Structure formats: C-alpha cells, structure tokens
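> Model the full structure from these sequences, guided by the hints.
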Amino acid sequence: MTIPNSNLLIELSVTKFSNKKNIIKIIRKYSDRPIGQIYSELKIQKSIFEIELLKDQFYAGWKTLSFLVGDLLLVGASVKIIVNHEVVDLSFINKLKCKMTNIKRGDIY
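For any residue, its number in my numbering is found by taking its place in the sequence shown, counting from 1, and adding 9.
Errors might be hidden in some of the hints.
Ranges of calculated distance between the beta carbons of each label pair, as one might list FRET restraints [what the hints assert, rightly or not]: (1) SER75 - THR24: 15 to 25 Å; (2) ASN14 - ARG37: 27 to 37 Å; (3) THR110 - ILE44: 25 to 35 Å; (4) SER100 - ASN16: 14 to 24 Å; (5) LEU18 - ILE53: 13 to 23 Å; (6) ASN28 - LYS64: 35 to 45 Å; (7) ASN14 - LYS34: 29 to 39 Å; (8) VAL84 - ASN14: 12 to 22 Å; (9) LYS108 - PRO43: 27 to 37 Å; (10) PRO43 - ASN111: 31 to 41 Å.
Calculated pairs, EDC-like style, for lysine to aspartate or glutamate (alpha carbon to alpha carbon, straight line, at most 20 Å) [unchecked claim]: (11) LYS25 - GLU59; (12) LYS108 - ASP98; (13) LYS38 - ASP65; (14) LYS89 - GLU61.
Simulated from the structure, these hints should not be mistaken for laboratory data. Note that the structure is a prediction, hence the values are computed from the model and not measured. Note that beta-carbon positions come from the ideal geometry of N, C-alpha and C, so glycine has one too.
This is the structure:
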C-alpha cells in the first residue's frame, strides 16, 4: 500500500506472541490503556492500539506507532496493521517513516 495523501486511521493488533507479560509491558509504554483491557484484547486479538494520523499535522504520532511496532517485533510478536479499514503489511511502517523523514520545504509551502 502506498501512503495516501489523506488522514490515516491505524489499528494495531497482536496476533501471535510468546510472553504476554512482555507484550503488555510494551503496550503500556505507548498507551494508557488499563492492563485488564490490554489482556482481554490480546486474548481475542482485538486492536490494542489505535491512532489517527492527520495529514495537516504531518502525521504527528507516526514515531510512536513505529517504535511500538519495532518493540513488539523485537520480542517475537506478530502484528496486524489495519489502515483506513484495509489490512496492510509491515512495509507500510517503513514507507510511512520514509515519507516523514524525507519532507522537503516544498511539501510544506
């Protein structure tokens, strides 16, 4: 999926993990959700993190999403990413990072 020039509603769920305690600890680092809610959502593979990245705010929050995904992958978790109601692969995070770190002056004005 290419990064559209629009707002992005991103949902992240963990589909596979080996240590629930580590996963909860990582999610709590980036989210203020209660531990019980995270536990329940992990159990049914429901979205554990949602963020809306707004185009007119240069997708503020993309780093949080990127770091969360990276931390989850480091502990061996498998994640599912849904962008604007469409499942995307992990390359989406790299494409978003590339787009955000290569903003030119002409992109702003």
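> Does each hint hold? Answer for all of them.
Here's how the hints hold up against the structure:
1. SER75 - THR24: 15 to 25 Å: At 19 Å between Cβs, range holds.
2. ASN14 - ARG37: 27 to 37 Å: Since ASN14 and ARG37 have Cβ atoms about 33 Å apart, the given range 27 to 37 Å holds.
3. THR110 - ILE44: 25 to 35 Å: Since THR110 and ILE44 have Cβ atoms about 33 Å apart, the given range 25 to 35 Å holds.
4. SER100 - ASN16: 14 to 24 Å: Since SER100 and ASN16 have Cβ atoms about 20 Å apart, the given range 14 to 24 Å holds.
5. LEU18 - ILE53: 13 to 23 Å: holds (20 Å)
6. ASN28 - LYS64: 35 to 45 Å: holds (37 Å)
7. ASN14 - LYS34: 29 to 39 Å: holds (36 Å)
8. VAL84 - ASN14: 12 to 22 Å: violated (34 Å)
9. LYS108 - PRO43: 27 to 37 Å: At roughly 33 Å between Cβ atoms, PRO43 and LYS108 fall inside 27 to 37 Å, so the hint holds.
10. PRO43 - ASN111: 31 to 41 Å: About 38 Å separates the Cβ atoms of PRO43 and ASN111, which means 31 to 41 Å holds.
11. LYS25 - GLU59: holds (18 Å)
12. LYS108 - ASP98: holds (16 Å)
13. LYS38 - ASP65: Violated. LYS38 to ASP65 sits at ~26 Å, over the 20 Å cutoff.
14. LYS89 - GLU61: holds (16 Å)
The structure fails hints 8, 13 (numbered hints given earlier, in ascending order).
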